[in-house]
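Participant: Sequence:
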Amino acid sequence: MSRVSRAASRLRFFASRNPSQPHLARQSPAFLYQSTLRERHTIAQASPLLSHPKERSAGAAYHASVNQQLVERRNEIHRQKRQARQKSLDADRERNLKLRHIFRESSTSSDGVPPMFAVKVVACPTLRSELKMNGREKRGRMFVERPQGEANAQEYACNSVKALRKTIHEFFRRLKKGQYILSASLPTLDEEGNVLTHEDPAIMDGVPNNHTLFGTLPLESDSDVQRAFAEADDFFFKHRSLNETSALKRPTIVLHVTKDPDAPLPPPPPPYLEHMADPRASPTMTMLSFYAFPPGGIPDADATADSLRRLWRPFGALGRIYVAQEGVNAQMAIPSNVLDNFLDCCTLPDEKGGKLSDVLGPYMENGINVDPMPVDMAEFRSNPAFKNLHVRVRSQIVADGFETPLDWQSAGYDMPPLEWHQKIKESKMANETGQSNSLPIVLDCRNDYETQVGKFDLAEPLGTTNFRDSWEVLKNRLKDTPKDAPIMRAKRRETAYCTGGIRCVKVNAYLTQELGMTNVSRLAGGVIGYDRTLSEQRPDEEPMFKGVNYVFDGRMGRRITNDKLGTCYTCGAKTHLVTNCKNDNCHRRMVQCEHCQDAFYGTCSSACKTRVVNQLRGHEEAELEEEKVEYDSIDDYTRAHSTPRRPLLAEIEKNTASFLPTGAHMVSGDAQGSLLTTLASMTRHGRVLEIGTFTGYATACFLDGAATAGDLSEQSLPGTPEGGPFVLSLERDRRALGVASCHIGVMAKHGLGEEGSKEAAKLREKGTVDFDGDSVSFTYSCADCELLQTNDALATVEEMAKGQSKYSPFDIVFVDADKTRLYQYVEALVSNDNVLRKGGLILVDNTLWKGLVLDAARGYDSEDAAPQDKKNRRARKLASKMHRFNSAVVKDARVEVLQLSLRDGLTMIRKI
Numbered sequence: 001m002s003r004v005s006r007a008a009s010r011l012r013f014f015a016s017r018n019p020s021q022p023h024l025a026r027q028s029p030a031f032l033y034q035s036t037l038r039e040r041h042t043i044a045q046a047s048p049l050l051s052h053p054k055e056r057s058a059g060a061a062y063h064a065s066v067n068q069q070l071v072e073r074r075n076e077i078h079r080q081k082r083q084a085r086q087k088s089l090d091a092d093r094e095r096n097l098k099l100r101h102i103f104r105e106s107s108t109s110s111d112g113v114p115p116m117f118a119v120k121v122v123a124c125p126t127l128r129s130e131l132k133m134n135g136r137e138k139r140g141r142m143f144v145e146r147p148q149g150e151a152n153a154q155e156y157a158c159n160s161v162k163a164l165r166k167t168i169h170e171f172f173r174r175l176k177k178g179q180y181i182l183s184a185s186l187p188t189l190d191e192e193g194n195v196l197t198h199e200d201p202a203i204m205d206g207v208p209n210n211h212t213l214f215g216t217l218p219l220e221s222d223s224d225v226q227r228a229f230a231e232a233d234d235f236f237f238k239h240r241s242l243n244e245t246s247a248l249k250r251p252t253i254v255l256h257v258t259k260d261p262d263a264p265l266p267p268p269p270p271p272y273l274e275h276m277a278d279p280r281a282s283p284t285m286t287m288l289s290f291y292a293f294p295p296g297g298i299p300d301a302d303a304t305a306d307s308l309r310r311l312w313r314p315f316g317a318l319g320r321i322y323v324a325q326e327g328v329n330a331q332m333a334i335p336s337n338v339l340d341n342f343l344d345c346c347t348l349p350d351e352k353g354g355k356l357s358d359v360l361g362p363y364m365e366n367g368i369n370v371d372p373m374p375v376d377m378a379e380f381r382s383n384p385a386f387k388n389l390h391v392r393v394r395s396q397i398v399a400d401g402f403e404t405p406l407d408w409q410s411a412g413y414d415m416p417p418l419e420w421h422q423k424i425k426e427s428k429m430a431n432e433t434g435q436s437n438s439l440p441i442v443l444d445c446r447n448d449y450e451t452q453v454g455k456f457d458l459a460e461p462l463g464t465t466n467f468r469d470s471w472e473v474l475k476n477r478l479k480d481t482p483k484d485a486p487i488m489r490a491k492r493r494e495t496a497y498c499t500g501g502i503r504c505v506k507v508n509a510y511l512t513q514e515l516g517m518t519n520v521s522r523l524a525g526g527v528i529g530y531d532r533t534l535s536e537q538r539p540d541e542e543p544m545f546k547g548v549n550y551v552f553d554g555r556m557g558r559r560i561t562n563d564k565l566g567t568c569y570t571c572g573a574k575t576h577l578v579t580n581c582k583n584d585n586c587h588r589r590m591v592q593c594e595h596c597q598d599a600f601y602g603t604c605s606s607a608c609k610t611r612v613v614n615q616l617r618g619h620e621e622a623e624l625e626e627e628k629v630e631y632d633s634i635d636d637y638t639r640a641h642s643t644p645r646r647p648l649l650a651e652i653e654k655n656t657a658s659f660l661p662t663g664a665h666m667v668s669g670d671a672q673g674s675l676l677t678t679l680a681s682m683t684r685h686g687r688v689l690e691i692g693t694f695t696g697y698a699t700a701c702f703l704d705g706a707a708t709a710g711d712l713s714e715q716s717l718p719g720t721p722e723g724g725p726f727v728l729s730l731e732r733d734r735r736a737l738g739v740a741s742c743h744i745g746v747m748a749k750h751g752l753g754e755e756g757s758k759e760a761a762k763l764r765e766k767g768t769v770d771f772d773g774d775s776v777s778f779t780y781s782c783a784d785c786e787l788l789q790t791n792d793a794l795a796t797v798e799e800m801a802k803g804q805s806k807y808s809p810f811d812i813v814f815v816d817a818d819k820t821r822l823y824q825y826v827e828a829l830v831s832n833d834n835v836l837r838k839g840g841l842i843l844v845d846n847t848l849w850k851g852l853v854l855d856a857a858r859g860y861d862s863e864d865a866a867p868q869d870k871k872n873r874r875a876r877k878l879a880s881k882m883h884r885f886n887s888a889v890v891k892d893a894r895v896e897v898l899q900l901s902l903r904d905g906l907t908m909i910r911k912i
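The opening position of the sequence shown corresponds to residue 1 in full-length UniProt numbering, with each subsequent residue numbered one higher.
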């Protein structure tokens, strides 16, 4: 029968059932067919989720494009939320910078009045509980700016109730959701002037009549706010006049935020949540599934998805739920102790407190399929069927490939499980006795990997990989089947079934509406419903379904009988197990026996096995079982996630603190020392010139890196001043050179490991040696090191630059001395190639100078410092010189510059 004739038959049947539209029965088949197409097109165009292109492609491609539109719209919503969050963060940052500027620039105004009020905010226990406030929000502090100049006073929190509430919400966001009243009191101070907070519930959670008992003032008008802050001013100046050393630095006020007693009560919980057990205490999880096709569809799938997330969150529900205009499809895991509450949530009508009667409720075909065998919680956690609650919007809840939907309400007879069981049982007996003419056609409309491991007796699998491929298979299979066979419930000819029932609805709708079949039925609730009903009502009956029922969750299947119907993908043995390849980049779904799953580590091939084994080995070597550690700073975090420094370096740092305590902060430290070692190891020749030895910490790092560079270049003999891995270190202070020579001597003899560390620790007991000569040399591995005493390092470098020294050019020059002549060092090094090779690095330390270069860049004059603060004046003077050096070297066309904020600033200058 042609598609035109089928359309005509359906519409004539519809006309016979609808006397109000008799004209349909008189139209030609062609007209009726075109009317059907127009009707479907109109329905699809009316969908708020679907927007057809002018020239529609095939069904699968069309729905792929619609899903892409949904994803793009969802991404746009997330982008707008991120922008809103970023706008809020920017506003907070701008406010904090403004407050910081006020704190930094002036502690008092010209008339001696502090420009800021400190406000202690304390929320009552009722608000804390209702709004779930964190520690800072329960008792926190904020600052309120005092009006300056001719500013609009009503915009300041110290003058207006509206502005005060706005400021409170900026600092304590959760209070936006609460209805509260404000009252103020003067602070209670301890002996040192620190503000104490009243925690008496009678104060904090009292009613307005109690405010005056403790000297509190209700803040109901702008005049109340102005009076409260004026009293805070008076209290501050009186307290400061009597206590000059008090810790109270500015006028302070305490704001009490209490629950508004006249606020409307929150709505009562819905009846299905009353007296509900704690889902976290459930000993088991129950698996369930359901689907619904509301007759009018779902107008706003996004809103419905949000509603499902919100309503199901209290149950601790997990699962995968798809929402589309056509309906809802869900596979879920629910804590068993709240299962009845969850079922009420999904099924109660509106008049009894239900919230989902327009989407689920009566429209869930065959109710909710509940697995009769709960899963132990320990087993579930070790191998969870679902890890989260995912509610996703799709163009269809089951992808069928149709551009426009069929009428899912007209999908054949919904045969109850026990009737189905009896029909299959009778058909099986008839087949065994040779009465094959009366056998029904039983179609298994599941995918091939599902039917391989389990099916009903006499069932014919469609053998499809994807559900949307079913239609052509059905058309070919039933092309010679009579369309007008008698409709007899006891002898129905075409039947279909699937896992949970939803695919059967679509298949039967296609059979009746597209193929014109008139006597089709489907298994109500699918295999899941059949298994549950038979186990509950006929536990002694032999199931007509054999093997494993594949389910779409982490379990991959539920065994109904012990029959092994599947063939192992790997070895060909009989099995009932379905799995996915453990190689995430493959993820092939396959039937595989237990032996091959073990032998191949759950993968489908030797190649995937090798990939997974290598991945597991890498995880074991890296010891990825991370411990939860709290870090005090970002420096602590980076140190914990970097290779530990060598033990000798730690002892050098301790010895520096012991022998030269005033300069203990001058050693390079962990991060910078590791960087110096790495840079030296990456050079071609391993040659380093260091200006400023101090106690030898950086020298040891450079020497370690130079030896590594020599090893990589297969250097057989130690380097010399003329060539090979070599470190030359210049220092003026003979005492520092004495300490450094001991350290480098220990390193040369005992290495950087534990042995060297123990020898270096002994120096704190026996002391160091005096440095009387001009130089001393050491050899470490294949690298040589020379410590050279010089009274003017710049003169020595400039002499070397003339080519009048025994030292061949270096790969790295590290300048950590003579901070007032840094650019002169750079000039000597880049003017020719006698000291530094072309392409070499100049490293300059301390180029941020305690962060004071920022003040220098703003034009801060060191003479502005207080006369008694000589140390601060010297630091700012050096910061100004450092800023001038930074500004000059970055403009030098002969070099490329990278300044790092490592420690006190490290500038890397590459000679072009």
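What the hints contain is simulated information worked out from the structure, not anything from laboratory work. Be careful, since some hints might not be right.
Straight line, CA to CA, 25 Å or less: simulated SDA-like cross-link-like pairs of lysine to any residue [said to hold, decoys possible]:
(1) K850 to N96
(2) K758 to P644
(3) K546 to V370
(4) K98 to R173
(5) K654 to N846
(6) K891 to G839
(7) K564 to N846
(8) K819 to S831
(9) K877 to A664
(10) K609 to T579
(11) K120 to S221
(12) K352 to M373
Participant: Evaluate each hint against the coordinates.
Facilitator: Do the hints match the structure? See the list:
As the CA atoms of K850 and N96 are separated by approximately 23 Å, the hinted pair is consistent with the 25 Å bound. Distance hint between K758 and P644 is fulfilled; the C-alpha atoms sit about 17 Å from each other, no more than 25 Å. In summary, the hint linking K546 to V370 is supported, as the alpha carbons are separated by about 20 Å, within the 25 Å threshold. With a C-alpha separation of about 19 Å, the suggested pairing of K98 with R173 holds against the 25 Å cut-off.
For the hint pairing K654 with N846, the CA-to-CA distance comes to about 21 Å; that is within 25 Å, so the pair holds. The hinted pair formed by K891 and G839 meets the criterion: a straight-line CA distance of about 18 Å does not exceed 25 Å. Proximity of K564 to N846 is assessed by CA-CA distance (about 74 Å); at most 25 Å being required, the pair is judged violated. Restraint check: the Cα-Cα separation between K819 and S831 comes to about 20 Å, which is no more than 25 Å; the hinted pair holds.
For the proposed pair K877 and A664, the alpha carbon gap of about 22 Å is at most 25 Å, so the pair holds. Taking the CA atoms of K609 and T579, the gap is about 15 Å. The hint holds against a cut of 25 Å. Between K120 and S221, the direct Cα distance comes to roughly 20 Å. Compliance with the 25 Å bound is thereby established for this hinted pair. At roughly 30 Å between alpha-carbon atoms, K352 and M373 are farther apart than 25 Å, so this suggested pair is violated.
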